[in-house]
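Construct the entire structure; sequences and hints are all you get.
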Amino acid sequence: MAPTIVLAGAGHAHLLLLYEEMKSPVRAAEYVLISPNRYQYYSGMYAGYIEGVYEKDETRVDVAALCSAAGIRFIEAAVTSVDAKQKQVHTSTEAVSYDKLSLNLGAASGGVPGIKANARSIKPSYLLPKTAEQLDQAGSIIIAGGGAAGVETALALKAKDAERKSSRDVTILTSSTLLPEAPAAAQKKIRRELSAKGVLYREHTPVTNVASGRVDTPVAVFSADEVLWLAGAGAPAVIAASGLADKRGFLPVTKHLQYQGDPDIFGAGDCVTFLSVPSLAKNGVYAIRQAPILRENLKRSLAGKNLQPFQPQRQYMAILSLGGRRAFMFRGRHHARGRLVWQLKDRIDRKFMDQLHKAAKPGS
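Here full-length UniProt numbering is used: the first residue of the sequence shown is 1, the next is one more, and so on.
Keep in mind that the hints are not guaranteed to be accurate.
[Said to hold, decoys possible] For lysine to any residue, the following SDA-like pairs were computed, each having C-alpha atoms within a straight-line distance of at most 20 Å:
1. LYS188 with HIS204
2. LYS23 with LYS87
3. LYS255 with GLY304
4. LYS299 with GLY52
5. LYS130 with TYR39
6. LYS255 with SER276
7. LYS116 with GLU226
8. LYS165 with SER195
9. LYS282 with LYS305
10. LYS87 with GLN260
11. LYS282 with SER176
12. LYS87 with LYS189
13. LYS165 with GLY52
14. LYS351 with VAL341
15. LYS351 with GLY332
16. LYS116 with ASP246
17. LYS87 with PRO263
18. LYS116 with ASP225
19. LYS358 with GLU58
20. LYS85 with ALA245
21. LYS130 with TYR41
22. LYS116 with GLY232
23. LYS130 with ASP161
24. LYS87 with MET329
25. LYS255 with ARG300
26. LYS282 with ALA138
27. LYS160 with VAL53
28. LYS160 with GLU133
29. LYS85 with GLU203
30. LYS189 with GLY332
31. LYS197 with ALA185
32. LYS351 with ARG333
33. LYS197 with GLN187
34. LYS351 with ALA303
35. LYS282 with ARG326
[Said to hold, decoys possible] Pairwise CB distance ranges, derived in the manner of DEER restraints:
36. VAL221 with THR93: 41 to 51 Å
37. ALA28 with ASP169: 48 to 58 Å
38. ASP57 with ALA220: 13 to 23 Å
Think of the hints as simulated: they come from the structure by calculation, not from any bench. All values reported here derive from a predicted model rather than from experimental measurement. From the three backbone atoms N, C-alpha and C, an ideal C-beta is built for every residue, glycine too.
Below you can see the structure in the form of structure tokens.
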């Protein structure tokens, strides 16, 4: 009987792992993928969807169809806990035994009071369509979080206003600087872009509480019709509930993407702490690059072979949508912006999604 590899979560790393596994004529194991929704939305297209550039089906992968095409069992359920001793994943519907387990669960919204009841979110990703609809109807919006997602979303909302010849208040509140991982020159360009489009922003202004139509900070109270929570990546509760978490609630993994406390558990993406570089940014770029290493190491672990290390780049090219089919690209001290940059981003995003869409079709 073939060993079983359970993939908990349908994040970027697991989707690409499945895509590559479909090309393999012989499989080392039976795969099972567990996700609470049959659709997984691609973060690189979130802002474009909110703006109206992309249709719903362009931005999402039908995970159930992808698994069906690959001959892989798909369980549409939430993971509730992991029993490492019994080597079982417990879901909202059943318990699934594994020989090897990989967690690619994404991130959750942070721990500020009032978020769950009073703020909108796009985590997990299947919330995107409903959240976009609610933002579309709002007359004023506060975005908590000044990273790439917060900046892109604010500019997408303003681009939609420009197309409609309307205007609404959009405010970004961030606990640090805008784009904290970007060089100072890139941050300066983004500040100018936001100001030019009428987006208000307050740096070094952490949110301490979210109430209905109101956000509290140490310096002021801000009001809006809707609050969108994009402030950082919190850990999925299931990791701590299973006794697998580090002090911040994430799954600590070695350079081999292997959980430090159990050689049969692996992890990738936003739900892990990469012990070799604990400050490694939680974004889709690294999750995508972890996919081939994760796939190889799951197989090597089954075979008792030496594992391969994941070596993250210190610098990578980042492209942010500025709305209106314009984008901003930077890597280190180099940056560019405009329509040609957006066309590059659009090609990259569509290519990534097209391969998964084609793979999910019957007979692919």
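Please verify whether LYS165 and GLY52 have alpha carbons no more than 20 Å apart.
Measuring from Cα to Cα gives roughly 15 Å; hence the hint holds.
Is the Cα-Cα distance between LYS351 and GLY332 20 Å or less?
25 Å, violated
Straight-line Cα separation of LYS87 and PRO263 no greater than 20 Å?
12 Å, holds
Are LYS160 and GLU133 close enough, with their CA atoms no more than 20 Å apart?
Holds, at about 13 Å.
Is LYS116 within 20 Å of GLY232, Cα to Cα?
Holds. LYS116 to GLY232 sits at ~15 Å (cutoff 20 Å).
Regarding the pair LYS255 and SER276, is the alpha-carbon distance no greater than 20 Å?
6 Å, holds
Check the hint pairing LYS197 with GLN187 against an upper bound of 20 Å on the C-alpha distance.
15 Å, holds
When you check the alpha-carbon spacing of LYS160 and VAL53, does it fall within 20 Å?
Holds, because 10 Å separates the two Cα atoms, which is no more than 20 Å.
Next pair to validate is LYS255 with GLY304; report whether the Cα-Cα distance is within 20 Å.
Holds, at about 17 Å.
Given pair status - ASP246, LYS116, alpha carbons within 20 Å
With Cα atoms ~23 Å apart, LYS116 and ASP246 exceed 20 Å; violated.
Pair hint outcome, LYS87 versus GLN260 [Cα-Cα no greater than 20 Å]
16 Å, holds
Please verify whether LYS87 and MET329 have alpha carbons no more than 20 Å apart.
Not satisfied, since the Cα-Cα distance of roughly 44 Å exceeds 20 Å.
In summary, the structure is inconsistent with hints 2, 4, 9, 12, 15, 16, 24, 26, 29, 32, 34, 35 and 38 from the numbered list given earlier, while agreeing with the others.
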